[in-house]
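**Student:** Below, each chain spelled out in residue letters.
2 protein chains.
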Amino acid sequence: MAASGDHGRLVLVTGGAGYVGSHCILELLNAGFDVVAVDNFANAMADDTGKLPESLKRVEALTDKKCTFYQVDMLDAAQLKNLFQKHSFFCIIHCAALKAVGESAAIPLAYYKNNVTGTLNLLEAANAAGVKRFVFSSSATVYGTPQYLPIDEKHPVGVGITNPYGRTKHMVEEILQDLQKSDDTWDIIILRYFNPVGSHESGRIGEDPQGPPNNLMPFVAQVAVGRLAELKVFGSDYDTPDGTGVRDYVHVVDLAKGHVAALKIFDKHFGLKIYNLGTGRGYSVLEMVSAFEKASGQPVKYQIVPRRGGDVATCYGDPSVAEKELGWKCQKNLDDMCRDLWRWQSQNPKGFSSGK
Amino acid sequence: MAASGDHGRLVLVTGGAGYVGSHCILELLNAGFDVVAVDNFANAMADDTGKLPESLKRVEALTDKKCTFYQVDMLDAAQLKNLFQKHSFFCIIHCAALKAVGESAAIPLAYYKNNVTGTLNLLEAANAAGVKRFVFSSSATVYGTPQYLPIDEKHPVGVGITNPYGRTKHMVEEILQDLQKSDDTWDIIILRYFNPVGSHESGRIGEDPQGPPNNLMPFVAQVAVGRLAELKVFGSDYDTPDGTGVRDYVHVVDLAKGHVAALKIFDKHFGLKIYNLGTGRGYSVLEMVSAFEKASGQPVKYQIVPRRGGDVATCYGDPSVAEKELGWKCQKNLDDMCRDLWRWQSQNPKGFSSGK
Numbered sequence: 001m002a003a004s005g006d007h008g009r010l011v012l013v014t015g016g017a018g019y020v021g022s023h024c025i026l027e028l029l030n031a032g033f034d035v036v037a038v039d040n041f042a043n044a045m046a047d048d049t050g051k052l053p054e055s056l057k058r059v060e061a062l063t064d065k066k067c068t069f070y071q072v073d074m075l076d077a078a079q080l081k082n083l084f085q086k087h088s089f090f091c092i093i094h095c096a097a098l099k100a101v102g103e104s105a106a107i108p109l110a111y112y113k114n115n116v117t118g119t120l121n122l123l124e125a126a127n128a129a130g131v132k133r134f135v136f137s138s139s140a141t142v143y144g145t146p147q148y149l150p151i152d153e154k155h156p157v158g159v160g161i162t163n164p165y166g167r168t169k170h171m172v173e174e175i176l177q178d179l180q181k182s183d184d185t186w187d188i189i190i191l192r193y194f195n196p197v198g199s200h201e202s203g204r205i206g207e208d209p210q211g212p213p214n215n216l217m218p219f220v221a222q223v224a225v226g227r228l229a230e231l232k233v234f235g236s237d238y239d240t241p242d243g244t245g246v247r248d249y250v251h252v253v254d255l256a257k258g259h260v261a262a263l264k265i266f267d268k269h270f271g272l273k274i275y276n277l278g279t280g281r282g283y284s285v286l287e288m289v290s291a292f293e294k295a296s297g298q299p300v301k302y303q304i305v306p307r308r309g310g311d312v313a314t315c316y317g318d319p320s321v322a323e324k325e326l327g328w329k330c331q332k333n334l335d336d337m338c339r340d341l342w343r344w345q346s347q348n349p350k351g352f353s354s355g356k
Numbered sequence: 001m002a003a004s005g006d007h008g009r010l011v012l013v014t015g016g017a018g019y020v021g022s023h024c025i026l027e028l029l030n031a032g033f034d035v036v037a038v039d040n041f042a043n044a045m046a047d048d049t050g051k052l053p054e055s056l057k058r059v060e061a062l063t064d065k066k067c068t069f070y071q072v073d074m075l076d077a078a079q080l081k082n083l084f085q086k087h088s089f090f091c092i093i094h095c096a097a098l099k100a101v102g103e104s105a106a107i108p109l110a111y112y113k114n115n116v117t118g119t120l121n122l123l124e125a126a127n128a129a130g131v132k133r134f135v136f137s138s139s140a141t142v143y144g145t146p147q148y149l150p151i152d153e154k155h156p157v158g159v160g161i162t163n164p165y166g167r168t169k170h171m172v173e174e175i176l177q178d179l180q181k182s183d184d185t186w187d188i189i190i191l192r193y194f195n196p197v198g199s200h201e202s203g204r205i206g207e208d209p210q211g212p213p214n215n216l217m218p219f220v221a222q223v224a225v226g227r228l229a230e231l232k233v234f235g236s237d238y239d240t241p242d243g244t245g246v247r248d249y250v251h252v253v254d255l256a257k258g259h260v261a262a263l264k265i266f267d268k269h270f271g272l273k274i275y276n277l278g279t280g281r282g283y284s285v286l287e288m289v290s291a292f293e294k295a296s297g298q299p300v301k302y303q304i305v306p307r308r309g310g311d312v313a314t315c316y317g318d319p320s321v322a323e324k325e326l327g328w329k330c331q332k333n334l335d336d337m338c339r340d341l342w343r344w345q346s347q348n349p350k351g352f353s354s355g356k
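Chains as they are written, first to last, in UniProt numbering: chain A, 1 to 356; chain B, 1 to 356.
Treat the hints as calculated values from the structure; they're not laboratory data. Hints should not be assumed to be uniformly reliable.
SDA-like, lysine to any residue: derived pairs with alpha carbons at most 25 Å apart [to be verified]:
1. Lys-154(B) <-> Val-159(A)
2. Lys-132(A) <-> Ala-106(B)
3. Lys-181(B) <-> Pro-156(B)
4. Lys-132(A) <-> Thr-63(B)
5. Lys-181(A) <-> Ala-100(B)
6. Lys-154(A) <-> Gly-310(B)
7. Lys-273(A) <-> Lys-181(B)
8. Lys-132(B) <-> Leu-109(A)
9. Lys-181(A) <-> Lys-132(B)
10. Lys-81(A) <-> Ala-106(B)
11. Lys-81(A) <-> Asn-40(B)
12. Lys-181(B) <-> Asp-242(A)
13. Lys-273(B) <-> Lys-132(A)
14. Lys-181(B) <-> Gly-144(A)
15. Lys-181(B) <-> Val-312(A)
16. Lys-154(A) <-> Val-159(B)
17. Lys-273(A) <-> Ile-107(B)
18. Lys-181(A) <-> Lys-181(B)
19. Lys-181(A) <-> Ala-105(B)
20. Lys-181(A) <-> Pro-213(B)
21. Lys-273(B) <-> Thr-162(A)
22. Lys-181(B) <-> Gly-211(A)
23. Lys-132(A) <-> Ala-295(B)
24. Lys-324(A) <-> Pro-146(A)
25. Lys-181(B) <-> Glu-103(A)
26. Lys-81(A) <-> Lys-181(B)
27. Lys-154(A) <-> Lys-273(B)
28. Lys-181(B) <-> Val-321(A)
29. Lys-132(B) <-> Ala-106(A)
Residues of chain B clear of chain A, computed beta-carbon distances all greater than 12 Å [claimed, not checked]:
30. Gln-85
31. Glu-174
32. Asp-183
33. Gly-243
34. Leu-286
35. Glu-287
36. Ser-354
Built from N, CA and C at the ideal position, the CB exists for glycine as well.
Make the full structure from the sequences, and use the hints.
**Tutor:** This is the structure we're talking about:
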């Protein structure tokens with residue numbers, strides 16, 4: 001993926017200390033980009049010294065390259081203004097967000113503030129500085145209840161979204177579309193992630209949830225490592241082969257490479273583009289558990305409990321537009337996802353705080 | 001409408017110097033409420049002295065009552081916090097917003113910032129102060145393209161909204177619904193306005209657009225008074241009786257009384273309620289022009305031009321839920337709307353700046 005011509009192109013990555021952000025930065029550095037990372041440590045572990053977060057220290061070690069880091073909150077417009085005065089960015093990858101679905105229903109104002117107001121602040125600062133290339137970390141949750149499968153980018157959005165987190169992603173997509181329509185000098189890429197899992201194959205960086213995991217695979221991994229007692233499987237009576245929910249899991253390294261691939265289209269003006277980032281196929285909860293047991297050699301105790309409100313039976317995407325336009329598709333399979341996740345979890349049973 | 005039991009109940013009205021806000025305050029004062037009004041003067045005329053805006057000076061004169069005013073911007077969280085420390089509000093009527101459809105497409109970030117972030121700031125400040133009764137000035141624009149007529153409150157929302165202004169209203173509705181679901185101690189009323197027109201029957205307060213009017217009737221009135229040369233009628237080939245667009249126009253005094261009526265349901269806990277505020281019937285552009293000519297005795301020169309993107313043929317609401325639950329319905333007819341608008345426009349050809 002590396003292209004020496006990208007060298008010296010400076011990319012701002014927000015939420016850079018987090019799960020997706022840190023994996024993106026690793027791939028960006030490997031591809032020859034320079035990176036400024038910012039994070040407010042809402043979801044990421046800060047370093048004791050208050051300088052480089054642990055995840056990015058490890059990214060530097062893995063890549064043998066340096067990245068610049070600032071603790072910046074998207075709600076602090078003055079900090080953002082300073083950031084754009086200090087650096088001249090080629091483009092922005094905006095990963096910063098609160099992302100826990102359940103929590104978003106409990107404290108919606110915090111989610112709307114962080115994710116919507118935060119993005120507006122970032123866009124205003126970028127606009128004022130003339131930085132008009134923008135990649136947004138969106139989510140397949142904007143599609144709501146699937147009306148057909150696989151879900152392509154033309155699928156309706158914004159209808160039947162069951163939680164405030166998903167609504168913040170949809171609102172930001174609408175804001176970005178209106179912004180681009182109002183000012184055609186913007187180039188904006190919306191990446192709709194399916195379900196990111198796994199970790200870098202080194203097992204040195206990975207997903208490090210603060211508190212009980214919200215997503216299936218970190219939960220599975222924490223059960224396997226003995227940090228949690230038992231997995232709850234929400235519903236086994238869905239209309240799927242084994243009755244459990246089916247989702248499109250995408251290896252986070254593939255996802256990160258999708259961001260690097262996306263940046264290449266900034267060489268020409270295009271306006272606004274939307275890409276699904278997923279594998280194009282679904283696995284059930286029990287298939288994921290079984291694959292993880294095989295990869296880890298650990299049993300994963302689980303219990304079937306009733307369905308959870310807002311969950312759909314089956315969801316997977318059509319990633320063919322990304323393949324056609326970005327030359328990107330997933331390279332890693334289910335075994336890779338499980339093996340790399342287990343490597344991260346077993347080497348770092350308590351996440352980044354394990355290594356210190 | 002007055003109820004002595006309401007005396008001493010203090011209502012915060014945001015956007016209080018504006019068109020709907022000032023008419024609401026007049027009716028609130030007449031009904032015995034106390035009022036604190038705030039405005040940032042984005043759409044309203046500030047007084048030379050920097051104290052009470054001209055619209056509210058006239059409201060005080062008309063009602064022979066006082067209201068308290070502060071210049072506060074919804075984007076200034078510190079000002080909002082001070083406001084809630086200074087006063088103990090019974091409830092909030094949130095009218096403050098940028099509201100020009102065309103402008104919203106040109107400067108969407110400003111619209112999202114003012115209308116969405118501004119409302120989030122207000123809700124956070126109110127929540128922190130324990131003020132959990134909230135009335136939101138929404139708009140029938142959230143219904144998008146009508147799927148049936150008349151539009152009742154169960155009509156789908158959020159699909160086919162053609163401009164950022166309308167999207168900000170829909171986003172705030174979603175935020176309010178999520179907030180109420182997360183904390184059942186909130187009581188929230190969403191009022192979906194159809195097309196407010198006219199003015200107080202005294203002609204002393206009215207709609208005072210800064211720059212060319214965005215809406216039909218202020219434009220008609222400014223043509224009649226000689227301030228504008230000619231009305232443009234966008235499309236005469238719609239599937240309507242005379243080919244021009246049909247809308248549900250509601251007299252602003254009826255609309256304001258709808259707010260006072262709505263406050264009565266705060267006596268009991270109800271969660272979240274949504275009400276259409278409209279007359280339940282539509283008039284075409286040419287019917288409105290003709291009625292205005294009759295009421296004013298002035299000719300209104302107009303020219304038919306092509307349709308405008310995003311306009312629908314016909315839109316009118318079903319206000320029967322508001323009648324049933326709030327005991328409110330429109331009392332004023334088309335002649336009242338035109339006569340009162342003309343009184344305002346002819347007495348104040350340049351709006352509030354005429355009187356100074």
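**Student:** None of the hints should be skipped; say for each whether it holds.
**Tutor:** Hints, verified against the model:
1. Between Lys-154(B) and Val-159(A) the alpha-carbon distance is near 15 Å, which keeps this suggested pair within the 25 Å criterion.
2. Pair hint Lys-132(A) plus Ala-106(B) holds up; C-alpha atoms about 16 Å apart against a cutoff of 25 Å.
3. Of the supplied pair hints, the one linking Lys-181(B) and Pro-156(B) holds, its CA atoms being roughly 19 Å apart against a limit of 25 Å.
4. The suggested pairing of Lys-132(A) with Thr-63(B) is violated, with an alpha-carbon distance near 52 Å, which exceeds 25 Å.
5. This hinted pair checks out: Lys-181(A) and Ala-100(B) have alpha carbons roughly 17 Å apart, not beyond 25 Å.
6. Taking the CA atoms of Lys-154(A) and Gly-310(B), the gap is near 21 Å; set against the 25 Å cutoff, the hint holds.
7. As the CA atoms of Lys-273(A) and Lys-181(B) are separated by approximately 34 Å, the hinted pair breaks the 25 Å bound.
8. At most 25 Å may separate the alpha-carbon atoms for a hinted pair to count; Lys-132(B) and Leu-109(A) meet this at roughly 14 Å.
9. For the suggested pair Lys-181(A) and Lys-132(B), the alpha carbons sit about 37 Å apart, so the restraint of at most 25 Å is broken.
10. The straight-line distance between the Cα atoms of Lys-81(A) and Ala-106(B) is roughly 23 Å, inside the 25 Å bound, and the hint therefore holds.
11. Our distance criterion of 25 Å between C-alpha atoms is met by Lys-81(A) and Asn-40(B), whose separation comes to about 24 Å.
12. A threshold of 25 Å between alpha carbons decides the hint, and for Lys-181(B) with Asp-242(A) the separation of about 33 Å lies outside it, so the pair is violated.
13. Taking the CA atoms of Lys-273(B) and Lys-132(A), the gap is about 41 Å. The hint is violated against a cut of 25 Å.
14. Restraint check: the Cα-Cα separation between Lys-181(B) and Gly-144(A) comes to about 19 Å, which is no more than 25 Å; the hinted pair holds.
15. A distance of roughly 21 Å separates the Cα atoms of Lys-181(B) and Val-312(A); the hinted pair therefore holds under the 25 Å criterion.
16. With a C-alpha separation of about 15 Å, the suggested pairing of Lys-154(A) with Val-159(B) holds against the 25 Å cut-off.
17. This hinted pair checks out: Lys-273(A) and Ile-107(B) have alpha carbons roughly 21 Å apart, not beyond 25 Å.
18. For a cut-off of 25 Å, the pair hint linking Lys-181(A) to Lys-181(B) is broken: about 34 Å separates their Cα positions.
19. Note on Lys-181(A) and Ala-105(B): the hinted pairing holds, with a Cα-Cα distance of about 8 Å set against a maximum of 25 Å.
20. For a cut-off of 25 Å, the pair hint linking Lys-181(A) to Pro-213(B) stands: about 23 Å separates their Cα positions.
21. A hinted pair counts as satisfied when its Cα atoms are at most 25 Å apart, and Lys-273(B) with Thr-162(A) qualifies at roughly 20 Å.
22. Straight-line distance between C-alpha atoms of Lys-181(B) and Gly-211(A) comes to about 23 Å, which keeps the hinted pair within the 25 Å bound.
23. The straight-line distance between the Cα atoms of Lys-132(A) and Ala-295(B) is roughly 52 Å, outside the 25 Å bound, and the hint therefore fails.
24. Among the hinted pairs, Lys-324(A) with Pro-146(A) is consistent with the structure: their alpha-carbon atoms are about 23 Å apart, no more than 25 Å.
25. For the hint pairing Lys-181(B) with Glu-103(A), the CA-to-CA distance comes to about 13 Å; that is within 25 Å, so the pair holds.
26. Between Lys-81(A) and Lys-181(B), the direct Cα distance comes to roughly 35 Å. Violation of the 25 Å bound is thereby established for this hinted pair.
27. Among the hinted pairs, Lys-154(A) with Lys-273(B) is inconsistent with the structure: their alpha-carbon atoms are about 33 Å apart, more than 25 Å.
28. With a CA separation close to 38 Å, the supplied pair Lys-181(B) and Val-321(A) exceeds the 25 Å bound.
29. For the suggested pair Lys-132(B) and Ala-106(A), the alpha carbons sit about 16 Å apart, so the restraint of at most 25 Å is met.
30. At roughly 19 Å from the closest C-beta of chain A, the C-beta of Gln-85(B) stays outside 12 Å, upholding its exclusion from the interface.
31. Listed as a non-interface residue, Glu-174(B) fails to keep its Cβ farther than 12 Å from every Cβ of chain A; the least gap is roughly 6 Å.
32. Residue-level check failed: Asp-183(B) sits 9 Å from the nearest beta carbon of chain A, not beyond 12 Å.
33. Against the 12 Å criterion, Gly-243(B) stays outside the reach of chain A, whose nearest CB is about 29 Å from its own CB.
34. For Leu-286(B), the condition that its CB be more than 12 Å from all CB atoms of chain A holds, with the nearest at approximately 32 Å.
35. The claim that Glu-287(B) is not at the interface with chain A holds, since no C-beta of that chain comes within 12 Å of its own (minimum 33 Å).
36. Remark: the non-interface label on Ser-354(B) is consistent with the geometry, its nearest Cβ contact in chain A lying 34 Å away (cut-off 12 Å).
Checked against the numbered hints given earlier, this structure breaks hints 4, 7, 9, 12, 13, 18, 23, 26, 27, 28, 31 and 32; the rest are met.
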